[in-house]
Amino acid sequence: MDTAGEPSLNLAAQRLLRGVDPALGAALLAAAVDVVLVLDAQGVVEDVVGGPNASPIDGSDGWIGRHWLETVTVESRPKVLAMLRDAMLRQPPEVAWRQLNHPAAHGADIPVQYCALPAGERVIAVGRDLRGVALLQQRLVDAQQAMERDYLRLRQSEARYRLLFESVDEAVLVLDAATQEVLEANQAALQLFGDEARRLVGRPLPDAVDAAHRAELGVRLAAARGAGRLDGAEVALPGSSDPVHVSGTLFKGEAGALLLLRLVPPRRVAGAAGALGETALRRVVEGLPDAFVVTDLQGRVLVTNRAFADLVQLPAGEQAQGQSLDRWLGRSAVDLNVLMGSLRQQGVVRLFPTTLRDAFGGSAQVEISAVAVPQGEPPCLGFAIRDVERRLSVDSARPRELARSPGQLAELVGRVPLKDIVDETTCLIERMCIETALQLTRDNRASAAEMLGLSRQSLYVKLRRYGLGDLGGGEPSEPANGS
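Residue numbers for the sequence shown follow full-length UniProt numbering, so the first one is 1 and each next one is one higher.
Any given hint could turn out to be false.
[As the list claims (entries may be wrong)] So the derived label-pair ranges between C-beta atoms look like this:
#, residue 1, residue 2, range
1, 359, 108, 38 to 46 Å
2, 108, 149, 45 to 53 Å
3, 423, 161, 57 to 65 Å
4, 149, 81, 38 to 46 Å
5, 211, 160, 16 to 24 Å
6, 428, 284, 43 to 51 Å
7, 421, 338, 41 to 49 Å
Derived by calculation from the structure, the hints in this document are not laboratory data.
We put the CB at the ideal spot given by N, CA and C, even for glycine.
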């Protein structure tokens with residue numbers, strides 16, 4: 001068999017199709033392509049045949065009798081002239097495919113790949129519909145653009161994360177949870193480790209702490225992998241006898257589970273506690289039944305008492321120091337912002353109603369009284385937090401009395417949903433209007449109903465609701481004179 005290439009294939013096809021019935025040849029041609037055009041020597045369309053499984057081309061039923069040029073877009077017309085010229089000159093014919101675009105009445109142009117072959121005094125143009133290919137190409141372009149947008153968002157998120165990671169003044173480490181190897185350390189962490197900082201990244205964290213704490217830290221890190229968090233371990237760093245408080249959280253990364261660790265040096269905890277004053281004062285604060293918190297001017301916790309740890313159900317060993325108070329305080333970060341804004345402007349806040357969230361997703365209604373001490377050493381904010389959940393529960397169990405002044409209504413804000421406040425206010429106004437109408441009409445309920453724009457039946461329903469008048473004996477009769 002000749003392997004010279006396409007000419008040999010053409011000769012083989014000619015020998016194979018020699019003597020084939022014209023009807024069979026036409027069927028083979030229709031099955032192999034999507035559209036067949038029969039053109040005269042001038043390029044006028046004499047017949048249009050569509051493939052059995054091909055989608056019809058918009059407007060193709062009106063091509064017969066028109067020049068091939070008129071069926072394509074402007075930029076495709078030079079290609080049509082070239083194909084007609086080449087088809088009439090080449091002997092034997094050569095297969096040369098060119099893409100033409102047909103205009104569509106609605107939507108994008110229809111791309112079709114044509115090959116023009118001479119057939120005596122006529123030209124046969126066979127075409128392959130490229131709409132499926134164009135659709136795949138467009139999907140590929142859309143997918144590529146989506147990937148580029150996602151990559152750009154990822155780069156921007158990474159830049160924001162990197163900026164935040166390096167700008168915080170707390171020591172933060174990112175560890176591989178499986179190997180306990182330090183993957184990332186911010187500048188504060190590198191300063192905390194001192195001379196060991198050069199070899200910190202890339203080695204297991206237990207190897208970077210004091211030898212006496214390596215085994216314990218390794219066990220705690222392994223336990224954190226299963227528990228999902230590390231609760232306030234204390235380790236000593238080489239060259240320092242003071243322990244560092246370590247807490248962390250497990251999170252998922254692309255390569256597996258990672259640990260985000262926070263390291264709080266002893267000077268921040270002990271120094272803040274020492275700034276409070278004498279031992280007696282610290283004991284009083286620690287023994288208070290109400291929660292007590294001291295933060296810096298940005299809201300990061302410096303000191304808490306035992307009642308606060310109980311109220312937020314702080315896990316055993318976890319330190320609240322160094323964390324932002326809005327982790328627990330308020331229905332959202334707005335509450336803390338409002339509270340701190342009031343402290344900056346007025347210096348004192350009394351009985352601020354809000355909620356306190358605990359470590360397990362629960363919440364409790366609390367009242368906060370706070371004071372700002374900008375001249376302290378260090379400057380700080382003090383918060384006294386009282387749990388009023390039990391008191392509100394007792395109040396809600398009693399028959400609810402209507403608020404009778406703007407001050408009473410204001411006290412409900414933050415404790416009762418707005419819908420309930422509006423409902424109570426509506427009931428209050430409705431009752432006052434009914435009482436006034438009864439007084440003006442001297443208890444003539446027919447006249448009172450007319451004055452209020454109510455039917456008598458509706459008025460009696462409202463009288464029963466509010467316990468007004470004596471309805472025990474049924475609807476009273478009205479005076480004959482209507483007075």
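Status of the hints after comparison with the structure:
Under the hint 38 to 46 Å, the C-beta atoms of residue 359 and residue 108, about 58 Å apart, miss the expected range. About 23 Å separates the C-beta atoms of residue 108 and residue 149, a value inconsistent with the hinted range of 45 to 53 Å. Range check, residue 423 to residue 161: Cβ separation about 46 Å, and the 57 to 65 Å hint is violated. Our hint of 38 to 46 Å for residue 149 and residue 81 holds, since their Cβ atoms are close to 43 Å apart.
The supplied range of 16 to 24 Å is broken by residue 211 and residue 160, whose beta-carbon atoms lie about 38 Å from each other. Distance hint for residue 428 and residue 284: a CB-CB separation of about 44 Å, consistent with the stated range 43 to 51 Å. Roughly 19 Å separates the CB atoms of residue 421 and residue 338, a value that falls outside the hinted 41 to 49 Å.
Hint violations for this structure: numbers 1, 2, 3, 5 and 7, all remaining hints satisfied.
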